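Protein chains: 2
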Amino acid sequence: MAYFRPEIEAMTGYVPGEQPAEAEVVKLNTNENPYRCSPAVARAIEDALGRGLARYPHPMAENFRRQAAEVLGIEPDWILCGNGSDDLLTIVTRALVGPGQRLRLPYPSYILYKTLAELQGARAEEVRFRPDWTLDEGFFAGGNDPRLVFLANPNSPSGTVIPPDAVLDIARRLPCPLLVDEAYVDFAEMNCLDLVAQCDKILVSRSLSKSYALAGLRFGYLVAQPHMIEQFTKVKDSYNCDTLAAAGAAAALADRAWLAENRAKILATRGRLAEAMRGLGFHVAPSQANFVWCTRGDRPVRPLYEGLKRQGVLVRYMNYPGWGDGLRISVGTDDQIDRCLKLLAEML
Amino acid sequence: MAYFRPEIEAMTGYVPGEQPAEAEVVKLNTNENPYRCSPAVARAIEDALGRGLARYPHPMAENFRRQAAEVLGIEPDWILCGNGSDDLLTIVTRALVGPGQRLRLPYPSYILYKTLAELQGARAEEVRFRPDWTLDEGFFAGGNDPRLVFLANPNSPSGTVIPPDAVLDIARRLPCPLLVDEAYVDFAEMNCLDLVAQCDKILVSRSLSKSYALAGLRFGYLVAQPHMIEQFTKVKDSYNCDTLAAAGAAAALADRAWLAENRAKILATRGRLAEAMRGLGFHVAPSQANFVWCTRGDRPVRPLYEGLKRQGVLVRYMNYPGWGDGLRISVGTDDQIDRCLKLLAEML
Numbered sequence: 043m044a045y046f047r048p049e050i051e052a053m054t055g056y057v058p059g060e061q062p063a064e065a066e067v068v069k070l071n072t073n074e075n076p077y078r079c080s081p082a083v084a085r086a087i088e089d090a091l092g093r094g095l096a097r098y099p100h101p102m103a104e105n106f107r108r109q110a111a112e113v114l115g116i117e118p119d120w121i122l123c124g125n126g127s128d129d130l131l132t133i134v135t136r137a138l139v140g141p142g143q144r145l146r147l148p149y150p151s152y153i154l155y156k157t158l159a160e161l162q163g164a165r166a167e168e169v170r171f172r173p174d175w176t177l178d179e180g181f182f183a184g185g186n187d188p189r190l191v192f193l194a195n196p197n198s199p200s201g202t203v204i205p206p207d208a209v210l211d212i213a214r215r216l217p218c219p220l221l222v223d224e225a226y227v228d229f230a231e232m233n234c235l236d237l238v239a240q241c242d243k244i245l246v247s248r249s250l251s252k253s254y255a256l257a258g259l260r261f262g263y264l265v266a267q268p269h270m271i272e273q274f275t276k277v278k279d280s281y282n283c284d285t286l287a288a289a290g291a292a293a294a295l296a297d298r299a300w301l302a303e304n305r306a307k308i309l310a311t312r313g314r315l316a317e318a319m320r321g322l323g324f325h326v327a328p329s330q331a332n333f334v335w336c337t338r339g340d341r342p343v344r345p346l347y348e349g350l351k352r353q354g355v356l357v358r359y360m361n362y363p364g365w366g367d368g369l370r371i372s373v374g375t376d377d378q379i380d381r382c383l384k385l386l387a388e389m390l
Numbered sequence: 043m044a045y046f047r048p049e050i051e052a053m054t055g056y057v058p059g060e061q062p063a064e065a066e067v068v069k070l071n072t073n074e075n076p077y078r079c080s081p082a083v084a085r086a087i088e089d090a091l092g093r094g095l096a097r098y099p100h101p102m103a104e105n106f107r108r109q110a111a112e113v114l115g116i117e118p119d120w121i122l123c124g125n126g127s128d129d130l131l132t133i134v135t136r137a138l139v140g141p142g143q144r145l146r147l148p149y150p151s152y153i154l155y156k157t158l159a160e161l162q163g164a165r166a167e168e169v170r171f172r173p174d175w176t177l178d179e180g181f182f183a184g185g186n187d188p189r190l191v192f193l194a195n196p197n198s199p200s201g202t203v204i205p206p207d208a209v210l211d212i213a214r215r216l217p218c219p220l221l222v223d224e225a226y227v228d229f230a231e232m233n234c235l236d237l238v239a240q241c242d243k244i245l246v247s248r249s250l251s252k253s254y255a256l257a258g259l260r261f262g263y264l265v266a267q268p269h270m271i272e273q274f275t276k277v278k279d280s281y282n283c284d285t286l287a288a289a290g291a292a293a294a295l296a297d298r299a300w301l302a303e304n305r306a307k308i309l310a311t312r313g314r315l316a317e318a319m320r321g322l323g324f325h326v327a328p329s330q331a332n333f334v335w336c337t338r339g340d341r342p343v344r345p346l347y348e349g350l351k352r353q354g355v356l357v358r359y360m361n362y363p364g365w366g367d368g369l370r371i372s373v374g375t376d377d378q379i380d381r382c383l384k385l386l387a388e389m390l
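Sequence lines, in order, name chains D and W. The letter at position 101 of the first sequence is residue 143 when you use my numbering, and the numbering goes up by one with no holes. The letter at position 113 of the second sequence is residue 155 when you use my numbering, and the numbering goes up by one with no holes.
No wet-lab data here; the hints were simulated from the structure. It cannot be assumed that every hint is accurate.
One copy or two, it doesn't matter: identical chains are merged, so the pair holds either way.
Each computed SDA-like pair below joins lysine to any residue, with the alpha-carbon atoms no more than 20 Å apart [as the list claims (entries may be wrong)]:
id: 1; residue 1: K351; residue 2: D376
id: 2; residue 1: K351; residue 2: E117
id: 3; residue 1: K351; residue 2: I271
id: 4; residue 1: K307; residue 2: E317
id: 5; residue 1: K156; residue 2: D377
id: 6; residue 1: K384; residue 2: I153
id: 7; residue 1: K351; residue 2: N105
id: 8; residue 1: K156; residue 2: D236
id: 9; residue 1: K156; residue 2: I116
id: 10; residue 1: K384; residue 2: V57
id: 11; residue 1: K156; residue 2: R314
id: 12; residue 1: K384; residue 2: E117
id: 13; residue 1: K351; residue 2: P328
id: 14; residue 1: K351; residue 2: V57
id: 15; residue 1: K307; residue 2: G94
id: 16; residue 1: K156; residue 2: A296
id: 17; residue 1: K351; residue 2: L322
id: 18; residue 1: K351; residue 2: G59
Every value quoted in this text rests on a predicted model; they were computed, and no experiment measured them.
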């Protein structure tokens with residue numbers, strides 16, 4: 043059929059991680075938080091529900107913007123809310139990158155970036171990380187006129203970070219905006235939020251899916267200078283965030299004690315998981331996210347993923363052409379991680 | 043700044059209808075339902091909330107698809123869910139229309155269609171309705187290779203409909219898909235759902251914002267043949283519908299008695315409103331939606347909109363270049379409509 047744009051027909055489409063229907067599966071494959079969100083979230087959603095849903099939400103999710111501005115120490119007009127941070131990545135791509143133009147992304151990283159380029163008919167230019175997950179000059183060279191550069195920081199699948207001073211250096215050398223995807227930043231020791239005021243090319247996106255245990259709610263936000271937010275706003279759907287999600291997300295950000303406690307638990311388990319995986323003979327990248335990337339050269343890891351899956355533990359098997367494969371294991375509860383480690387030990 | 047695509051810089055952006063913060067305003071400007079949604083919606087949302095939000099939602103909102111398939115008498119794979127029907131209009135436009143290509147739309151109609159074309163760098167080709175809100179041959183001519191045609195049916199601002207047999211005729215003559223936007227169809231005497239099986243070019247979009255009183259929830263769906271749905275799925279964000287919205291929307295569709303009762307109330311008030319407006323000297327288009335389009339040749343109507351607004355009643359003033367202006371008044375409660383009519387009578 044000739045109805046569709048050839049770019050769309052040619053695409054295989056982004057395949058999200060498996061979402062098994064069975065509740066008893068130990069799900070360590072899509073970096074969800076193993077704990078329940080702050081109880082303040084449910085209360086805020088119930089309150090909003092009580093006020094009714096017949097009216098359209100605020101187009102900019104102003105209640106969330108005000109709350110986030112207070113928590114982040116910025117002004118509300120530096121914030122754009124999205125239906126998950128994927129919505130914001132889509133908006134930024136559509137605003138900046140035309141067909142045939144270049145979108146640069148590190149490799150291996152979040153696979154969706156390439157899909158976004160394909161959807162736009164743009165050219166994805168993958169620049170490889172060095173083996174130690176740092177970036178070389180190829181990433182910030184301006185020669186071939188990139189229109190947008192994505193940088194997941196912490197990165198997935200590695201969990202590694204590029205320090206803020208290096209990010210600022212990259213942005214200053216680039217001729218175009220640099221979107222720093224901070225989906226996992228609440229589990230890290232650093233973030234790039236302060237850089238936004240220093241350089242209007244730096245855009246920081248955040249998600250409530252991981253650190254706030256709200257993947258089911260679909261809420262993210264972008265921080266950028268107001269003149270940038272103004273342009274991006276033109277591209278979003280008029281009412282892209284629903285009333286309940288905005289209310290829940292605002293309440294989540296306000297409960298800073300919950301975040302601190304959840305983070306401490308995840309980091310403790312992550313440390314234990316990484317150490318145990320090293321003990322089992324894996325190479326484990328130094329993660330500042332809520333997952334660990336585990337590789338090994340002595341034997342294939344895909345059978346380990348398959349063996350775990352057969353026994354009810356789902357981790358993410360990733361195979362990056364030209365780079366290699368590995369297991370990306372989300373940090374679950376201690377019990378979940380113990381089960382995963384025990385099964386792996388039996389197979390090795 | 044040269045960061046943005048020139049199309050984006052040049053745009054003024056779609057401006058949604060005013061959403062005043064004051065609760066006491068009688069809001070008859072954005073076609074929201076004046077009644078509260080089915081109580082089954084709140085129960086379903088509370089149940090979903092009780093199950094937690096830490097996990098990603100089903101990528102296709104499968105629970106909603108199954109429920110909708112049952113209500114509509116089709117198979118689930120004929121349905122694509124969206125974050126409001128605007129999300130689906132965006133997805134369809136991106137899938138079908140490339141930069142410089144033509145997107146056809148009737149005029150006057152939903153203003154967003156033109157914005158979607160602009161965002162895509164496409165050429166919007168506006169084809170005028172006849173004065174009686176029917177369409178002539180220009181709308182279905184295939185000569186200049188349109189890639190997508192939008193048809194709001196019922197139309198906004200008029201509330202008028204093109205009968206299904208005429209829609210099928212249009213679709214068969216067109217070389218490209220025809221998106222029939224049925225946002226208001228639950229208030230009409232007809233719909234085009236059955237046509238989808240007869241012609242794969244026909245796509246039907248629906249919204250839960252109006253007839254289900256769920257504008258705050260952001261949920262819509264598209265009905266198309268499965269091979270079309272498959273392509274559109276590539277373009278949507280992976281998790282475009284959140285857990286709570288999908289649960290609430292499924293419950294809303296299941297409560298058919300609520301819909302019938304709500305519809306009956308809206309239609310009764312609409313009839314009274316239209317008759318009273320005619321009595322006040324307006325021309326009122328024959329509406330099958332939850333609003334009426336009121337024009338008059340003997341005096342300007344903008345001062346009437348302004349006068350109503352000053353007195354706490356917000357209706358939509360629309361001025362279509364080359365066509366004319368009018369008031370689009372959403373069907374509110376009987377009390378709200380009485381207040382609006384009384385104020386208008388005082389001004390005339």
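A quick look at each hint next to the structure:
1. Only within a single protomer do K351 and D376 lie at most 20 Å apart by alpha-carbon distance; the minimum there is 18 Å, versus 59 Å between protomers.
2. For a Cα distance limit of 20 Å, the shortest separation of K351 from E117 qualifies neither inside one copy, at 46 Å, nor across copies, at 31 Å.
3. In this homomeric assembly, K351 and I271 never come within 20 Å of each other (Cα to Cα): the closest approach is 43 Å inside a single copy and 30 Å across copies.
4. Taking the shortest alpha-carbon separations for K307 and E317, only the intra-copy value of 16 Å comes in at or below 20 Å, while the best inter-copy value is 65 Å.
5. Taking identical chains as interchangeable, the C-alpha atoms of K156 and D377 are never at most 20 Å apart, the minima being 35 Å within one chain and 54 Å between chains.
6. Neither within a single protomer nor between protomers do K384 and I153 lie at most 20 Å apart by alpha-carbon distance, with minima of 30 Å and 59 Å respectively.
7. In the homo-oligomer, the alpha carbons of K351 and N105 never lie at most 20 Å apart, since the shortest distance is 42 Å inside one protomer and 25 Å across protomers.
8. Taking CA atoms no more than 20 Å apart as the test, K156 paired with D236 passes in neither setting, with 27 Å inside one copy and 38 Å between copies.
9. For the homomeric pair K156 and I116, neither the shortest alpha-carbon distance inside one copy (31 Å) nor that between copies (34 Å) is at most 20 Å.
10. With identical chains, the CA atoms of K384 and V57 are never at most 20 Å apart, being 29 Å at best within one copy and 57 Å at best between copies.
11. With identical chains, the CA atoms of K156 and R314 are never at most 20 Å apart, being 33 Å at best within one copy and 55 Å at best between copies.
12. For a Cα distance limit of 20 Å, the shortest separation of K384 from E117 qualifies neither inside one copy, at 48 Å, nor across copies, at 43 Å.
13. Proximity of K351 to P328 under the C-alpha cut-off of 20 Å is found in neither arrangement, the shortest distances being 25 Å within a copy and 60 Å between copies.
14. Taking the shortest Cα distances, K351 and V57 sit within 20 Å of each other inside one copy (18 Å), while across copies they are farther apart (49 Å).
15. Taking identical chains as interchangeable, the C-alpha atoms of K307 and G94 lie at most 20 Å apart only when they sit on different chains, with a minimum of 19 Å there against 36 Å within one chain.
16. For a Cα distance limit of 20 Å, the shortest separation of K156 from A296 qualifies neither inside one copy, at 34 Å, nor across copies, at 39 Å.
17. Taking the shortest alpha-carbon separations for K351 and L322, only the intra-copy value of 18 Å comes in at or below 20 Å, while the best inter-copy value is 71 Å.
18. In this assembly of identical chains, K351 and G59 lie within 20 Å of each other by CA distance solely inside one copy; the values are 13 Å within and 50 Å between copies.
Violated hints for the displayed structure, listed by number in ascending order: 2, 3, 5, 6, 7, 8, 9, 10, 11, 12, 13, 16.
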